[in-house]
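A.B. asks: In the order they appear, the protein sequences are chains G and R. With my numbering, letter number 208 in the first sequence gets 208, and the count goes up by one each step, no holes. With my numbering, letter number 102 in the second sequence gets 317, and the count goes up by one each step, no holes.
Where hints are given, some of them may not hold.
[As the list claims (entries may be wrong)] DSS-like, lysine-lysine: derived pairs with alpha carbons at most 30 Å apart:
| hint | chain 1 | residue 1 | chain 2 | residue 2 |
| --- | --- | --- | --- | --- |
| 1 | G | K203 | R | K264 |
| 2 | R | K283 | G | K137 |
| 3 | R | K257 | R | K298 |
Source of the hints: derived by calculation from the structure; they are not laboratory data.
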Amino acid sequence: MKKLIGAAVIILLWNACKFNEQKTLPIAGNRDAVTETVDGKTVTDTVYQTIPAFKFVNQYGDSITNKTLDGNIYVADFFFTTCPSICPIMHRNMLTVYNAFKDVADVKIISHTIDPQHDSVAVLKKYADKLGIAGSKWWLLQGKKEDTYKLAASYLVSSPQVDAKEKYVHDGYFILIDKQKRIRGQYDGTVPEQVTKLIEDIKTLKAEPDQTTAK
Amino acid sequence: MKLKVISGICLLLAIFLYSCQSEDELEFSRYYSAGNVIYQSKCMNCHGKNGEGLSALIPPLTDSVYLKVHKDSLSCFIKYGLKGKITLANKTFEGEMPANDFAPIEIAEVLTYVTNSFGNKMGTITSQHVGDDLQKCK
């Protein structure tokens, strides 16, 4: 009985905390104050760092650009199909994200291969099939290596390094991008609790006013 | 008098059996817990916390029948890696497992862990057994 009361108190407290919780996510990256003259008035706006334009090919051989992702919240990560270390954990966890938003139209997942030489479109398609993903929720993207590495930098993750034993070393981060292409969160994709938080954060983000109105 | 002798022998036998068994058990738990540590650092990323594998990319370690049938090859799989088509848990896998530079005792430990976790129950795989199996790797 005592235990029960204890549990009830904890739940109550936790809910109380939740009630006070901020309902928007922070915005990461550099920001600039830009002063412009609009209609003869001076206005100052905060301009946040955004993900630059890119162009890659997905596992179906379709061209995917930053424009293709317009109107979507998306999660990005970096991997390669022959990665022996952290990628299996990352994609086991990403499958949880995939399943959580399977039927939600404006949430997508993109995984950039950092080994495009090996990971051709055919290899990526096979990997996707084996992973058990289909449709257009989760794209595996490949393109020029320099482009991918440069893009990694704009997601604020460290640039992949070549390593004799592991072939490549890279971060296991999942990066959350909003419809304005701003970085809204980074999560360690190898830690299940962080991935649970990512799923919660996507729901919070989806409810923000400038996400529901963005096209 | 007779009774005393008989009960004495019985007692001895019981002690003998008991100590024997606990010796085995001790060995098992030594192997098992060392194997758990190796599993977490060298295998878990691919095969998962509960040996669940990853879709059709990485096989699970929960197919007891497969493990039993391949008991004598498991050491070779761990030491030299595994490649090519295999069928287990009602699925076909065609992946590649990297080789591990393990001593026989480490292989024995991790195999004892794997074959007695995730619903498997195969008992201790000794370092002796591993040594013998490694001689026969193809």
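A.B. asks: Against each hint, give a clear statement of whether it holds in the structure.
C.D. replies: Here is how each hint holds up against the structure:
1. G/K203 with R/K264: 27 Å, holds
2. R/K283 with G/K137: Violated - the C-alpha atoms of G/K137 and R/K283 are around 39 Å apart, more than 30 Å.
3. R/K257 with R/K298: 18 Å, holds
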